[in-house]
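Model the placement of chain B with the ligands on the given structure of chain A, informed by the hints.
The residues making up each chain are set out below.
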Amino acid sequence: MAQKATFRIWRGQANEGGFVDYPVNVEDGMVALDVVHQIQAEQAGDLACRWNCKAGKCGSCSAEINGKPRLLCMTRVGDLDLSKPVTIEPMQAFPNIKDLVSDVSWNYRMKEKIKPFKPRTPDNEDGTWNMSQADVERPQEFRKCIECFLCQDVCHVIRDHHKHDEFIGPRFLVYTAALEMHPLDTEDRLADLRHRDGIGYCNITKCCTKVCPEHITITDNAIIPLKERVVDEFYDPITKLLRIFRPKKS
Amino acid sequence: MPWQTRECDVLVIGAGGAGLRAAIEASAEGASVTVLSKSLLGKAHTVMAEGGMAASMGNVDDRDNWRVHFSDTLRGGQYLNNWRMAEIHAQQAADRVRELEAWGAIFDRTKEGRILQRNFGGHKYPRLAHVGDRTGLEMIRTLQDHGIHQGIDFLMETTVLEIIKDGDRVSGVLAYDRERGRLHLVHAKAIVMATGGIGRAFKVTSNSWEYTGDGHALAYRAGAELVDMEFVQFHPTGMVWPPSVRGILVTEGVRGEGGILKNSEGKRFMFDDIPPLYTDQTADSEEEGWRYVTGDKEARRPPELLTRDHVARKIVKEVKAGRGSPHGGAFLDIAWIKEHLSDAEGHIRKKLPSMYHQFKELAGVDITKEAMEVGPTTHYVMGGIKVDAETQMSCVPGLFACGECGGGLHGANRLGGNSLSDLVVFGRIAGASAAKFASEHGDTSINEDAASDIEAAALAPLERSSGESPYAIQYELQDVMQDLVGIARTQPELEQAVERIADLSRRAATTSAVGNREYNPGWHTALDLPNLLAVSEAVARSAAGRRESRGAHSRVDHPEKDEQLGTVNTVVRRLDDDSMEMAHVPVVGVTEERQAIVKEMG
Ligand SMILES: Cc1cc2nc3c(=O)[nH]c(=O)nc-3n(C[C@H](O)[C@H](O)[C@H](O)COP(=O)(O)OP(=O)(O)OC[C@H]3O[C@@H](n4cnc5c(N)ncnc54)[C@H](O)[C@@H]3O)c2cc1C
Ligand code: SF4
Ligand code: SF4
Ligand code: FES
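Protein chains in written order, with the working numbering: chain A, 2 to 251; chain B, 1110 to 1711.
Just to be clear, a hint being listed does not mean it is correct.
Stated by the list, open to error - Derived CB-CB ranges, DEER-like:
| # | chain 1 | residue 1 | chain 2 | residue 2 | range |
| --- | --- | --- | --- | --- | --- |
| 1 | B | P1385 | A | T122 | 44 to 54 Å |
| 2 | B | G1675 | A | E138 | 43 to 53 Å |
| 3 | A | D22 | B | T1219 | 48 to 58 Å |
Please keep in mind that the hints were generated in silico from the structure rather than gathered at the bench.
Every residue gets a Cβ at the ideal spot worked out from N, C-alpha and C, and that includes glycine.
Extracted from the complex, chain A is given alone in its bound form (with noise of 0.2 Å):
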């Protein structure tokens, strides 16, 4: 059941370039990135893209497919509308590096900085912790992040208001809630998130959670709850007194 369809993909460096059109045969189930890569074996030999593990499971081919942030190895050509030519061009917050190819290494700056994993002394002799279930799901959630860094890309405090200085974006507050709210932690983290990491910022549009392919609920459940802790920690005198009493994560 071959279709044929055009593929209109951003070639260049360093965001110098412009879209060249490739025809394709589509065949039954292909995804984008199958289309990159028969471009790439029989017409363009060169043309650049990421990608590992072609299930949607580490994150490394993210791109945009008619202007939405995509994994390309997730989004099924038989979904697309064909009738018009499929543009697929790189992430647009980040610097290109060539074609579909963008340099993410601010995201890995911005992690570095957020202070680790702070357990409190273990539980049990063999140097265990007690966790129920219930207790793991939240972070759990947040803990399937791949890495795509498509929140990063749609988030418009980073995208269009390029604040790429003074907010850690989405992503790295998906990871910060997930420490913060990691039953073993016992790090402090609202300073850092108030100030140095622009959680101010937000202002909850929720665009990262509608594209994040690992269906996080990225704003309801991580950013509104860190605000609502910023908020407690520096405008609530009594939550901060009852904090003093109570342990951060009962």
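Quick look at chain B with the ligands alone, frame taken from chain A:
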């Protein structure tokens, strides 16, 4: 000098579970550590592991202990394992799981709040610590997030081209970065190889582009021996439809949660023939099988949870007999558990979330309602760089190996879940030994002429204006391996494969890649080819030398086991004239004490 240079005590090649664990340990021992990896941090193959990590913590069944794990591993490996490695692995795996928890990993929990463990093929008791079906992600993220705070120097998207030696010892590597195609010379006192597997040598595989056997081939060319290369694991359950997803893994966890295999006649064919080594441990009835997967300690495991080699062969047999699924596989059904569970749908989505999404999004199949179509896919290589069990050092001084590119632990067949534990157990040992080696041995010098030769060879495909496409050669090699060195092998086909590989090697030396040095996948494919070809030759030659069927190695012309071959491992090494020599050497680490454990466990 045209190269970017850096120096370190310990160079780790690879940032999967094994490489990261090695780097963390070497750094903790005081060594300066550099890590190179082909892809970005956190994207290595380890991220794809699903089912779990085997360790006899006994949280779910307190009859479990390291002795049982040890003897299960040997039975799975048909006793060709390095017995000492199997012992170390079984003894230390539990500590490594706990260590991951201390570094922030959050495993699924038991009712008592401890780490939950699940059933998996070949493991006598529920043994796999897991997080739903994304355990590898949890492991790699934990090691990554811990590792970035240890002062380790990470160089991402930088691929090693060749090892450079100073006399017998390794002294460094030349590598290129994908982004600009710049060359990097890394001078090191010790090198830990942690590059993973070789799955890209085959057409149908669960492995990514990275799995071109680089570490195996680099070490081989530097003088190390490769052991057990005939043993390539074909995982029984890969996706078969649609064509573009062919080979993508369907975790064994599906069967661990009660999934059953059926043929086109609706028959649960796995009950048909059960290997003698396992009859005592396998359920007699479907009812007993179900009791096992739901935690009844008296019940024995269903035949779907027999070892991977056996399940894979059974599926192929059904397909060949004309009882396959529409696209040439078998049916894997987890939806049927609704006969037993009121909220089967919720249960499946909770326990197997990424399988649910994978089928829903890539195949349009709802696994809570319909059966999946599955068939064998190239998954894992048991063979690898031959190392000493205590130190993980190869026969080349200063060259260590761990993880999938190391050999010895798994023998003729790896049990599911024994890889993730392998990575951290032996990653830690390799890192510590490499740091020790670096501190006890003086400096080496780098032979710049050797580096220049490597550079010239690497740039050649870009300079040739005419020549074959590297993709074409890669595809042809994959066909050769799939057809001639696949799941059912014969002597004439293996010999033919060796010849075809030699021919492809000649052609690979004349490929040309269009474009420039910057992020050029055609060029990268050309550079991967010599490695892919070397490991393919090693697999074909080793397979030709083992005239018997054992574990993952299945010979149509020698369907039985050979007693004598059951006491030896195959090794290949490079001779001075660049040819490959194959030999059989006695299995390592068989002592009376260890034999007594195996006997006691039955
Ligand atoms: C889909 C899937 C599911 C699996 N599920 C399980 C499971 O449930 N349980 C289990 O125990 N095992 C499982 N396995 C097996 C297991 O995941 C792998 O064997 C294991 O992760 C390999 O880890 P590693 O650290 O050895 O290598 P990898 O994680 O593959 O890392 C290799 C590293 O080496 C780098 N590298 C390679 N070549 C070079 C080079 N030339 N220069 C520089 N860097 C290089 C790569 O970039 C990468 O960083 C699964 C495998 C797959 C494919
Ligand atoms: S909800 Fe906040 S973080 Fe998410 S996209 Fe909107 S502004 Fe950005
Ligand atoms: S939170 Fe979701 S969208 Fe953002 S990086 Fe993680 S997986 Fe990607
Ligand atoms: S290739 Fe891994 S998410 Fe697409």
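* Given the hint of 48 to 58 Å, check if D22 of chain A and T1219 of chain B actually sit that far apart at their C-beta atoms. => Holds - the Cβ-Cβ distance for D22 of chain A and T1219 of chain B, about 56 Å, lies within 48 to 58 Å.
* Assessment of proposed distance window 44 to 54 Å (beta carbons of P1385 of chain B, T122 of chain A) -> holds, 50 Å
* Measuring from beta carbon to beta carbon, are G1675 of chain B and E138 of chain A in 43 to 53 Å? -> Between G1675 of chain B and E138 of chain A, where Cβ atoms are some 48 Å apart, the hint holds.
The structure is consistent with each of the numbered hints, conforming to all of them.
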